[in-house]
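The numbering of the sequence shown is our numbering, which starts it at -19 and goes up by one.
Keep in mind that the hints were calculated from the coordinates and are not lab data. There could be a bad hint or two in this list.
To be verified - In silico DSBU-like pairs for lysine-lysine, Cα to Cα no more than 35 Å straight-line:
1) Lys2 with Lys(-8)
2) Lys147 with Lys(-8)
3) Lys31 with Lys105
4) Lys105 with Lys29
5) Lys24 with Lys147
6) Lys2 with Lys105
7) Lys31 with Lys(-8)
8) Lys203 with Lys(-8)
What you are looking at is a predicted structure, and each value in this text was computed from that prediction instead of being measured.
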Amino acid sequence: MNIDFSISLIPKISLIVLPYLKVTILSMIFALLAGTVISVGVVKLRLHKCKPLNSVAAAYVGAVRCTPAIILIFIVFYGLPFVVQIFGANILNYSRVFFLTVALAVMFSATFSEVMRSAYLSVNKGQREAGIAMGLSEFQTFYRIILPQAFIVAIPNLGNSVIFLFKDTSLAYTIGVIDLMGMGNLYITQQHGTHSLEAYLTVGMIYWFFVILLEHGFSFLEKYISRGRK
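The whole structure should be built from the sequences, with the hints applied where relevant.
Structure below.
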């Protein structure tokens, strides 16, 4: 293997791949929002007193968490059009970003639902009883008393989940989505396989930069929300 490394190429490659960062970020944001909505439903089922519903939610979480990200993306990409076709719908012409977002949302929901559940269970049950005794409704008790405490507990694990979600977007190229990583691979192909190291280092540094931003962002959020509670 012939290795021809030139560090001077990194700024040039950065200018080529950076415009496609928006695809990566938008995919992550939409997956984060959709995954959070799914997580709420999963948590409600996981905390439900009905054992069959609880078991279904637990099976969903277990199945998704045991499935490698790349396999889940392929299952959604090839399987979702087949499933919806049974009900008379056709999504074959949908953007590949749509399938990526669905797969990432499902992946994130399984992890985040467990984060939410454990954070909720960490709050003393007496807090709810005290809120009801004070005349608050169930929703007011949850929103004003339980949620703030549970959210503080959940922040570190939430941060980790979001970071993993951001990194998992790098698999988008496997179904033909041209995002940050996809453009990096495309550049290598255009160069006939040369300067692969420079391309991957460039893409890697961009991922590192944004992961560090996310880490500091969640650290700041945790300190901000926790102020005065110690």
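Tested hints:
| no. | hint | result |
| --- | --- | --- |
| 1 | Lys2 with Lys(-8) | holds (18 Å) |
| 2 | Lys147 with Lys(-8) | holds (23 Å) |
| 3 | Lys31 with Lys105 | holds (21 Å) |
| 4 | Lys105 with Lys29 | holds (16 Å) |
| 5 | Lys24 with Lys147 | holds (28 Å) |
| 6 | Lys2 with Lys105 | violated (43 Å) |
| 7 | Lys31 with Lys(-8) | violated (57 Å) |
| 8 | Lys203 with Lys(-8) | violated (38 Å) |
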